[in-house]
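Asks: Sequence:
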Amino acid sequence: MLSSVLALFCLFLLSVLATDPTIDTIFVIKDTDTHGGCRQRRQALDNYLFESRALVAAGLQAIEHAKDSSAKESVVAKRYLYTYFRAVDDASIEFVKRFLRVVQDFLSGKKVIGSDKIPRLYCDDTWLVKLEPTDIAWDHENNDVYTIGEDGVFQPVSIDQIETYRKYLWELNKEGNWERTGKVPYWAGDMSQYLFDDSYKKGKTYCTNSAQNLGASQEQTRPNTLTLCPRSFKSTVKRAKLGNTAPKARMALANVLPQSGTFYHELYHVVLGNDQTPDLSYQWTESQDWLQGKQPTAVPVPYDKDHEHLIRRNPESYLWFTVGYWYFLQTQWSGSSDNRWSFDTGVAQLISI
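Quick note, the sequence shown lines up with residues -18 to -1, 1 to 335 if you use mature numbering (1 follows the signal peptide of the UniProt record, and there is no 0).
Since the hints were made in silico from the structure, they are not lab data. A few of these clues could be false.
[Claimed, not checked] No farther apart than 25 Å at their CA atoms in a straight line, the calculated lysine-lysine pairs in the BS3-like style are these:
| no. | residue 1 | residue 2 |
| --- | --- | --- |
| 1 | K216 | K12 |
| 2 | K183 | K149 |
| 3 | K54 | K79 |
| 4 | K223 | K12 |
| 5 | K12 | K149 |
| 6 | K216 | K186 |
| 7 | K60 | K79 |
| 8 | K60 | K230 |
| 9 | K12 | K186 |
| 10 | K183 | K165 |
| 11 | K184 | K165 |
| 12 | K112 | K149 |
| 13 | K12 | K79 |
| 14 | K112 | K93 |
| 15 | K112 | K183 |
| 16 | K230 | K216 |
| 17 | K12 | K92 |
| 18 | K60 | K276 |
| 19 | K156 | K184 |
[Claimed, not checked] Simulated restraints, written as ranges between beta carbons of each label pair:
| no. | residue 1 | residue 2 | range |
| --- | --- | --- | --- |
| 20 | T16 | I333 | 47 to 57 Å |
| 21 | T16 | K54 | 48 to 58 Å |
| 22 | V10 | R35 | 29 to 39 Å |
| 23 | F136 | Q175 | 17 to 27 Å |
Quick caveat: nothing in here was measured; it's all calculated off a predicted structure. By construction, the Cβ of each residue, glycine as well, lies at the ideal position given by its N, Cα and C atoms.
Could you put the whole structure together from the sequences, leaning on the hints where they help?
Replies: The structure is reproduced here in structure tokens:
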């Protein structure tokens, strides 16, 4: 009897160990309805995590298929890698694979590269308090910062007088004069740190400034953060979940991108760092212009100026690539495993493999 109990316990333990970590294991999340909390978004976030794992797995599967010439999917997988990344040789394919693998590792519970802290996830930007550069500075214990003046009297120190913050608030112009960058400080009370971002207009913040702003990641604070704006949780029923939209001939890839796409996109920034993942393009057609050399490469060093290399750093390209290949792997819409819907050209077509 004891041996049976132990056997059942071991099976249970193995199943627990094999379980993927939950969203609040890989991110620190506030269980509130205010100040960036995600209490009402937990079901959506759980789905985002599930779909992100499915997408990164589809991307890695594409690479395995491309390498295996005996696989019936091999030819199409190679077309995907070429279309989305111009990845045809071992080095370029390994570059794409590394990006996918690092994200997969994070989703499996490994920490962000170069950090021993768990990143924070917010469901609004209300976790930040917008300030002015001339406001009195606060220290890490939320106390006002003072200095002793020449007259021996304590004087308040403004944020823009703190040497550490000056690089965010001031820059040298072409004439060699110092001028404001246009950025303002935001206080992150959860971490007792400042971050610096655009001031926007009329009291707006990142999430309220533009309908195009769906999510953002930043590394100025420790730990780094991922913020999903409220509008990123809103979509049509067809876009609410991956696979809700059945592919049709000539359907554009943009029409099947799931609501979880913003979260998935931002994962690349969080895990690999913003410096390594510049947002070169959010539009499929524009990305193709990049690959064809029709777009200027006004990207600062240390990036390679090669268009193909740059596009392999673009997070949105990984969203397109993995969503497209995920659809190719499905058979529920084709009626046969030998027929698949493919987005290897950017639009849906039913092909035989």
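Asks: Evaluate each hint against the coordinates.
Replies: Verification of the hints:
no. : hint                       : result
1   : K216 with K12              : holds (20 Å)
2   : K183 with K149             : holds (22 Å)
3   : K54 with K79               : holds (20 Å)
4   : K223 with K12              : holds (24 Å)
5   : K12 with K149              : violated (31 Å)
6   : K216 with K186             : holds (20 Å)
7   : K60 with K79               : holds (13 Å)
8   : K60 with K230              : holds (22 Å)
9   : K12 with K186              : holds (23 Å)
10  : K183 with K165             : holds (12 Å)
11  : K184 with K165             : holds (14 Å)
12  : K112 with K149             : holds (18 Å)
13  : K12 with K79               : violated (33 Å)
14  : K112 with K93              : violated (30 Å)
15  : K112 with K183             : holds (12 Å)
16  : K230 with K216             : holds (24 Å)
17  : K12 with K92               : holds (21 Å)
18  : K60 with K276              : holds (23 Å)
19  : K156 with K184             : violated (29 Å)
20  : T16 with I333: 47 to 57 Å  : holds (50 Å)
21  : T16 with K54: 48 to 58 Å   : holds (52 Å)
22  : V10 with R35: 29 to 39 Å   : violated (20 Å)
23  : F136 with Q175: 17 to 27 Å : holds (24 Å)
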